[in-house]
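Student: First to last, the sequence lines map onto chains A and B.
This note's numbering applies: residue 1 is where the first sequence begins, and numbers increase by one.
This note's numbering applies: residue 1 is where the second sequence begins, and numbers increase by one.
It is possible that some hints are incorrect.
In the EDC-like style, the derived pairs of lysine to aspartate or glutamate whose C-alpha atoms are separated by at most 20 Å in a straight line are [said to hold, decoys possible]: (1) A:K103 <-> A:E358; (2) A:K274 <-> B:E253; (3) B:K92 <-> A:D364; (4) A:K424 <-> B:E253; (5) B:K104 <-> A:E378; (6) A:K424 <-> B:E233; (7) A:K274 <-> B:D229; (8) A:K424 <-> B:E166; (9) A:K429 <-> B:D210; (10) A:K429 <-> B:E166; (11) B:K92 <-> A:E358; (12) A:K103 <-> B:E246; (13) A:K274 <-> B:E233; (14) A:K103 <-> B:E253; (15) A:K274 <-> B:D226; (16) B:K92 <-> A:E378; (17) A:K424 <-> A:D61; (18) A:K429 <-> B:E253; (19) A:K103 <-> B:E233.
None of these hints come from the bench; they were simulated from the model.
It should be emphasised that the depicted structure is a prediction, and the values quoted were computed from it without experimental measurement.
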Amino acid sequence: MRVTPDILVVGGGPAGVAAACDIAEANLSVILIDQAPKLGGVLFRNFGDNSRRLLPSDLADTWRNLSGRLTAQAARIRTELQTVFIGMDAAGVVALNNRASGKAYTLAPRAIVVATGAIEYVEPLPGWHLPKVMTAGGLQVAVKESGTPPPGDILLAGSGPLLLAAAAQLVKLGRPPVAVIEAANPPRHAFAALALPLSYLREGGSYLTAMARAGVPWLRGARLEEIHKDGGAFSVVVRRRDKLHRYRADIIALHNGLRPNNIGLPRQNLNPQKGPVVIYAGDCNEALGGRAAALSGSSAAHRLLLALGVKPATEPCRAAADIEKYRKFQKLLAEVFKACPSAEYHLPPDETILCRCEQQTVGDLSIFSARSSLSAREVKLNGRFGLGRCQGRFCAEKTRGLLLMTHRDAPTVDALIGQRWPVKPIPIKDLADLDHEES
Amino acid sequence: MNLAIRSREQYVGLADKGGVMQGAYFSRSTFLAAANDWEVAAMHAQADELSRAGVSLKVTEGSDIQKSIPCLASNISGLVEVQGEGHAVGYKVVDRFLRASGAKVICEASALKLQPGVKSGRGPTVQTSEGVIEADDVVVAAGLGSNALLPWLNLWPRRGQLIVTERRRSVYKLPGNFIFASYLLEKKKADVGQSVDSGSAARACALVIDPLPYDQYLIGGTREEDDDDQHTEFAAVQRILARAVEYMPFLGEMSVIRVFAGVRAATPDGLPYLGQVKEAPGLWVATGFEGDGICLAPLAGDAMARMMAGKDIPPGVEALAPDSPQRKRRES
């Protein structure tokens, strides 16, 4: 029987590692888990291999600093990789599952830092669910893990700066994408963009330069409307104002923004009398990007220590003020990347898949069209949305978005998903053999 | 039991060609399984009762059990197939009845207060969060929430923690719902008003493995005296799953996608409330089915309509009148 550490940190990206270090430096013991085989999160995974040359230098410094602190606190921080957070039950007990060994065990920590990062949002359009259609962030992770992009011509579409980052990385690796389809027209908001810090502008500028040198078209004010299988590849239809453009590609990477990945997780709680303290950190709390993540982790650790009545090792840093700055930048970026009116999202055709797990379509939502008020329960049970293997992780927001077009009071994402465990599916045999650690 | 059999017959009728329950009710067998001597005894007691009620059964023993249902572990030593049973998909049943009735539905409205009607005058009045509703007749069918309107009903919560698996095709296909005999014992114990262990990790657990449409399984469940439907525990779920894998090893490879709790409304004597409230013109109660509500829905709805219209009701229903003096009360 192992001894329960004081604090559980879920997620080994910059926010989770920063929180773990701050907590350990205040003399508490920490168990830090990540579902991947290495720490770093999507930004810093495989750091030192491929990602070093793909990252802006200020970000690389952040991770180097965190890694050093983690090594220094090795005695107080137990790191468990390939380990997923199954959930917290009504008794405040937490269960973890090592995916490599199949071992599941419970802990009773005093507090939990949830630093599970962001999840990409993709607007449903015909063909988005097909194999070889992925998210742009997913493509970046695959590139970092294998060192090379997947074979074939790649098309990037959707909206946001992440598309440009992904395009520039592909250029650096000698595999420029076919095109980048962007719903907004950022140069039109150049004035707003000037309020962004130099590091952001420099980063954006380097991406655009790389794309221009490789001759990658950046089609702005445009929307990818349909993806069709065409032989072994895809043929896609892009609308820009009244004109239709067609492209062929082997891989499509979509991206329409980032959302906090707090799906199904226990709610935040700062009162130890009401069960374990739970604090969200980093993009899981608010999608502000990699630069804000470490600061957010420190800020979360500080609040956690105060809630437990433990004196922090350092005085509160300027984290809160700095985070406010990144929040402002994120708002500016959202303005710069606001979809042009002619490229705004509209209701996709009925046969468009909405829920991949249960193969439910946009048309399947029409059973609710005659109803004036709708409960989350009906949408789930009668519509079978949010009930599949992903438990709504990928369809709940899409479903709510489309229902809002016809129902003013469509159920919220939170009501559709709830706080149920397991957060990720777990094999019955692992749960049946659950090992209860001593507290 | 006779009422359950009659209700099932009604389902069969409604599920027939073009009926409202087509696609919401399926005929299938239920299996009672036992793994040790006392479970075998409980299983046979239940089988005898069913047999006396005219239900056709098929008893299998020894190694024939695993021959007929290969996914059962060798520790299963007794099996009774209860034939002609059925599976009513709860949420579909509710949706179908609702649509067939043409009733106006007001969502997210709480019934706050009930004003009884007067003899040969107006019916009861219900104050709701969405306004006051007057009717000739009012049926209170709010499960545990019925206590707030009629406290003397004294309904008790009996929570069940349940597990749903992913969709996955397996070489095995369960031919019906499997009830392990310990479930019968737990339910009997609860029905005679014995307190069911609660509060400890060793929560009363009774195993039911129910194959759902689309290759999923519903595995349950606990029986606990508590009304918090957000309360699920690893320890309780582990106990249920450990036994599920012990009896059906192939389930071990499937993944759990959802764990949830539901609260059944139980009456002090274990019999549902179905009928008119004396001295309260136009006031009716239909609740306290304790997990059997979907099974008894066609019978309960039909009997309720008949009672209101002054028509004949099936034998046995009169004993379910909510304020009958013969019914047992339980001290709070």
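Student: Mind checking the alpha carbons of A:K429 and B:D210 for me, to see if they're no more than 20 Å apart?
Tutor: 18 Å, holds
Student: Mind checking the alpha carbons of A:K274 and B:E233 for me, to see if they're no more than 20 Å apart?
Tutor: Within the cut-off at roughly 16 Å; holds.
Student: Take the C-alpha atoms of A:K424 and B:E233, compute the straight-line distance between them, and say whether it is at most 20 Å.
Tutor: 16 Å, holds
Student: Does B:E253 lie within 20 Å of A:K424 when you go C-alpha to C-alpha?
Tutor: 15 Å, holds
Student: Is it true that the CA of A:K429 sits at most 20 Å from the CA of B:E253?
Tutor: With a Cα-Cα distance of about 6 Å, the restraint between A:K429 and B:E253 holds, given a limit of 20 Å.
Student: Are the Cα atoms of A:K274 and B:D229 separated by 20 Å or less?
Tutor: 18 Å, holds
Student: Checking one constraint from the list: CA of A:K274 to CA of B:D226, max 20 Å. Satisfied?
Tutor: OK: A:K274 and B:D226 at ~19 Å, within 20 Å.
Student: Need the status of pair A:K103, A:E358: alpha-carbon distance at most 20 Å?
Tutor: 29 Å, violated
Student: Check the hint pairing A:K429 with B:E166 against an upper bound of 20 Å on the C-alpha distance.
Tutor: Status holds; Cα separation ~14 Å.
Student: Hint check: A:K424 vs A:D61, CA-CA at most 20 Å. Holds or violated?
Tutor: 33 Å, violated
Student: Take a quick look at whether A:K274 and B:E253 sit within 20 Å of each other, Cα to Cα.
Tutor: Answer violated: A:K274 to B:E253 is near 36 Å, above 20 Å.
Student: Just to be careful, I want the Cα atoms of B:K92 and A:D364 compared with a cutoff of 20 Å; is the pair within it?
Tutor: 15 Å, holds
Consistency with the previously given hints fails for numbers 1, 2, 17, ordered from lowest to highest.
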